[in-house]
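> Sequence:
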Amino acid sequence: QLEPGGKPKFVFAHFLIPHPPFVTHETGRCMELDEALARTRAENYVGQLKFANQRIIAMIDRLLAAPGLKPIIILQADEGPWPEKYAGNEVSFMGRDVGGVEWLKASPDELREKMAIFSAMYLPGVKSDAIPPSASPVNTFRRVLKTYFNVAIEALPDRYLVYESNANLYRFHDVSGALLTRQISDLD
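Under the working numbering, the first residue of the sequence shown carries the number 1, and numbering increases by one thereafter.
Calculated from the structure, these hints are not laboratory results. For every residue, glycine included, the Cβ atom is placed at its ideal position computed from N, Cα and C. Just to be clear, a hint being listed does not mean it is correct.
Said to hold, decoys possible - Cβ-Cβ distance ranges computed for the label pairs, FRET-style:
#: 1; residue 1: Lys-146; residue 2: Val-46; range: 23 to 31 angstroms
#: 2; residue 1: Ala-66; residue 2: Glu-26; range: 25 to 33 angstroms
#: 3; residue 1: Pro-133; residue 2: Leu-64; range: 21 to 29 angstroms
#: 4; residue 1: Arg-29; residue 2: Ala-130; range: 21 to 29 angstroms
#: 5; residue 1: Glu-113; residue 2: Ala-65; range: 29 to 37 angstroms
#: 6; residue 1: Ala-167; residue 2: Ile-73; range: 35 to 43 angstroms
#: 7; residue 1: Ser-128; residue 2: Gly-28; range: 29 to 37 angstroms
#: 8; residue 1: Ile-73; residue 2: Ser-165; range: 35 to 43 angstroms
#: 9; residue 1: Tyr-170; residue 2: Gln-54; range: 14 to 22 angstroms
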């Protein structure tokens with residue numbers, strides 16, 4: 001989008017959906033606690049996701065239908081869902097994430113579930129194979145800045161880090177090897 005005067009406009013929005021508490025019905029109404037608790041974790045998560053998808057698709061349709069330059073659109077999650085054994089109560093656990101997880105003890109499948117984030121991009125004029133399927137989120141905006149704005153910035157190594165535990169939130173460990181090997185083999 002261009003602002004008056006022809007300057008590019010950057011809009012960033014962080015939507016906290018789908019995110020616990022999973023009490024948003026697929027129609028968009030907030031469920032009563034008893035109704036949400038009577039449904040399965042999957043029903044609550046998928047219901048909230050269906051509503052979010054409907055609203056996001058409608059917003060993208062409006063953006064793409066607007067006259068003028070086509071916008072760059074990036075939809076990217078900040079995290080995957082909590083693996084079920086760590087999820088806790090995702091209905092009435094208001095305003096907090098789940099309890100502590102010692103990610104170094106999590107299985108590769110649990111790490112993959114948490115780290116496998118949704119990422120979709122509408123990049124006008126860019127070939128669909130320009131972004132490798134194993135690209136980590138650290139490079140999303142680097143690629144956009146380099147491609148569209150000629151910023152001299154290179155991609156960083158695609159890495160995935162976990163924090164050690166709630167007691168050591170800033171002690172990170174690289175789990176890229178296991179995740180990338182599994183992600184690439186899943187694409188074959």
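> Could you say whether the range 23 to 31 angstroms given as a hint is met by the Cβ separation of Lys-146 and Val-46?
Given about 37 angstroms between the Cβ atoms, the range is violated.
> Just to be sure I understand the hint, the distance between the Cβ atoms of Glu-113 and Ala-65 should be within 29 to 37 angstroms; is that true here?
holds, 35 angstroms
> Quick check on a hinted range of 25 to 33 angstroms for Ala-66 and Glu-26, using CB atoms only.
With a Cβ separation near 28 angstroms, Ala-66 and Glu-26 satisfy 25 to 33 angstroms, so the hint holds.
> Mind checking the hinted window 35 to 43 angstroms against the Cβ distance between Ala-167 and Ile-73?
holds, 39 angstroms
> Using the Cβ atoms, figure out if Ile-73 sits within 35 to 43 angstroms of Ser-165.
holds, 36 angstroms
> Holds or violated: 29 to 37 angstroms for the Cβ distance of Ser-128 and Gly-28?
About 32 angstroms separates the Cβ atoms of Ser-128 and Gly-28, which means 29 to 37 angstroms holds.
> Quick one: are Arg-29 and Ala-130 within 21 to 29 angstroms, going by C-beta?
Taking Cβ atoms as reference, Arg-29 and Ala-130 lie about 40 angstroms apart, which means the hint is violated.
> Range hint 21 to 29 angstroms: satisfied by the CB atoms of Pro-133 and Leu-64?
holds, 24 angstroms
> Would you say the C-beta atoms of Tyr-170 and Gln-54 sit inside 14 to 22 angstroms of each other?
violated, 38 angstroms
Violated hints, listed in ascending order, are 1, 4 and 9; each of the other numbered hints is respected by the structure.
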